[in-house]
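J.: Sequence:
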Amino acid sequence: LVKVLFFIFSSLKRVFDLIRAYTYDMVVIYRESFPIGPPVFEYALCLFKKRIIFDFDNAIFLPNSSDANKIFVRMRCFSNAMNIIKMSKAVITGNDFLKDYALKFNPRVCVVPTVIDTVKFIPAPHRRNEKIIIGWTGTVSTQKYLLPLKKVFYSLSDKYPNIEIHIIGAQGDRLELKNIVYKDWLLEREVE
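What the sequence shown shows, in our numbering, is residues 276 to 467, in sequence order.
Just so you know, the hints here were simulated from the structure itself, not pulled from any lab data. Don't take every hint at face value.
With a cut-off of at most 30 Å between alpha-carbon atoms, the simulated DSS-like pairs for lysine-lysine come out as follows [what the hints assert, rightly or not]: (1) K395 <-> K379; (2) K395 <-> K324; (3) K406 <-> K426; (4) K395 <-> K406; (5) K379 <-> K278; (6) K361 <-> K379; (7) K361 <-> K374; (8) K364 <-> K395; (9) K324 <-> K364; (10) K426 <-> K374; (11) K364 <-> K325; (12) K379 <-> K406; (13) K325 <-> K406; (14) K406 <-> K419; (15) K288 <-> K406; (16) K434 <-> K453; (17) K419 <-> K361; (18) K458 <-> K434; (19) K425 <-> K364; (20) K419 <-> K374; (21) K406 <-> K364; (22) K278 <-> K324; (23) K425 <-> K379; (24) K434 <-> K419; (25) K325 <-> K395.
Label-pair restraints from in silico Cβ distances [as the list claims (entries may be wrong)]: (26) K406 <-> F372: 50 to 60 Å; (27) E467 <-> K364: 36 to 46 Å; (28) V427 <-> E467: 19 to 29 Å; (29) R326 <-> V427: 44 to 54 Å; (30) Y318 <-> L378: 15 to 25 Å.
All C-beta atoms in this analysis are idealised placements derived from N, C-alpha and C, irrespective of residue type, glycine included.
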């Protein structure tokens, strides 16, 4: 229910964004302006003669959906990325894989890699024989990508007793290991 109410509120907000965009010369769109259906808002921007800069950092053109969003997957148009790329004046991607895809539809593509704030996120110094922590952060819907690695975690645990695996954010199916720790994701503890 919360997700549906948020979707309705966000849809209304997007309509107001489109009206405001009429006063601008250029509009930067991150991923897509609307998560379902064809790229109606982007088409409207083209009708308004607005230049679009399209920015995406995930393979949003691949048909994939989490279990939490299976209801909406039939309403998604996975060709939206291709269509928005075609109508854009320029495209920004997060890596070369995405760039190669975008270049099929638009010659004006540049890569701006996804970055980490290296002032905020500094690797801790490691001392020999000290515990090694392998960390993973995600959600219940992305935790399914960890499960195929279950044998890897068991092997690491058996071979290296000083390894501890921290699963942060995901509280779904749990791996049963002696050296695995599940934690809630909290902004205050993100760096830690």
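J.: Hints first: check each against the structure and report whether it holds.
T.: Here is how each hint holds up against the structure:
{"no.": "1", "hint": "K395 <-> K379", "result": "violated, 37 Å"}
{"no.": "2", "hint": "K395 <-> K324", "result": "violated, 41 Å"}
{"no.": "3", "hint": "K406 <-> K426", "result": "holds, 21 Å"}
{"no.": "4", "hint": "K395 <-> K406", "result": "holds, 22 Å"}
{"no.": "5", "hint": "K379 <-> K278", "result": "violated, 35 Å"}
{"no.": "6", "hint": "K361 <-> K379", "result": "holds, 9 Å"}
{"no.": "7", "hint": "K361 <-> K374", "result": "holds, 13 Å"}
{"no.": "8", "hint": "K364 <-> K395", "result": "violated, 34 Å"}
{"no.": "9", "hint": "K324 <-> K364", "result": "holds, 11 Å"}
{"no.": "10", "hint": "K426 <-> K374", "result": "violated, 34 Å"}
{"no.": "11", "hint": "K364 <-> K325", "result": "holds, 10 Å"}
{"no.": "12", "hint": "K379 <-> K406", "result": "violated, 47 Å"}
{"no.": "13", "hint": "K325 <-> K406", "result": "violated, 55 Å"}
{"no.": "14", "hint": "K406 <-> K419", "result": "holds, 26 Å"}
{"no.": "15", "hint": "K288 <-> K406", "result": "violated, 48 Å"}
{"no.": "16", "hint": "K434 <-> K453", "result": "holds, 13 Å"}
{"no.": "17", "hint": "K419 <-> K361", "result": "violated, 33 Å"}
{"no.": "18", "hint": "K458 <-> K434", "result": "holds, 24 Å"}
{"no.": "19", "hint": "K425 <-> K364", "result": "violated, 44 Å"}
{"no.": "20", "hint": "K419 <-> K374", "result": "holds, 27 Å"}
{"no.": "21", "hint": "K406 <-> K364", "result": "violated, 50 Å"}
{"no.": "22", "hint": "K278 <-> K324", "result": "violated, 33 Å"}
{"no.": "23", "hint": "K425 <-> K379", "result": "violated, 37 Å"}
{"no.": "24", "hint": "K434 <-> K419", "result": "holds, 24 Å"}
{"no.": "25", "hint": "K325 <-> K395", "result": "violated, 37 Å"}
{"no.": "26", "hint": "K406 <-> F372: 50 to 60 Å", "result": "violated, 34 Å"}
{"no.": "27", "hint": "E467 <-> K364: 36 to 46 Å", "result": "holds, 42 Å"}
{"no.": "28", "hint": "V427 <-> E467: 19 to 29 Å", "result": "holds, 24 Å"}
{"no.": "29", "hint": "R326 <-> V427: 44 to 54 Å", "result": "holds, 47 Å"}
{"no.": "30", "hint": "Y318 <-> L378: 15 to 25 Å", "result": "holds, 22 Å"}
Figure legend: structure checked against the earlier numbered hints; hints not met, in rising order: 1, 2, 5, 8, 10, 12, 13, 15, 17, 19, 21, 22, 23, 25, 26.
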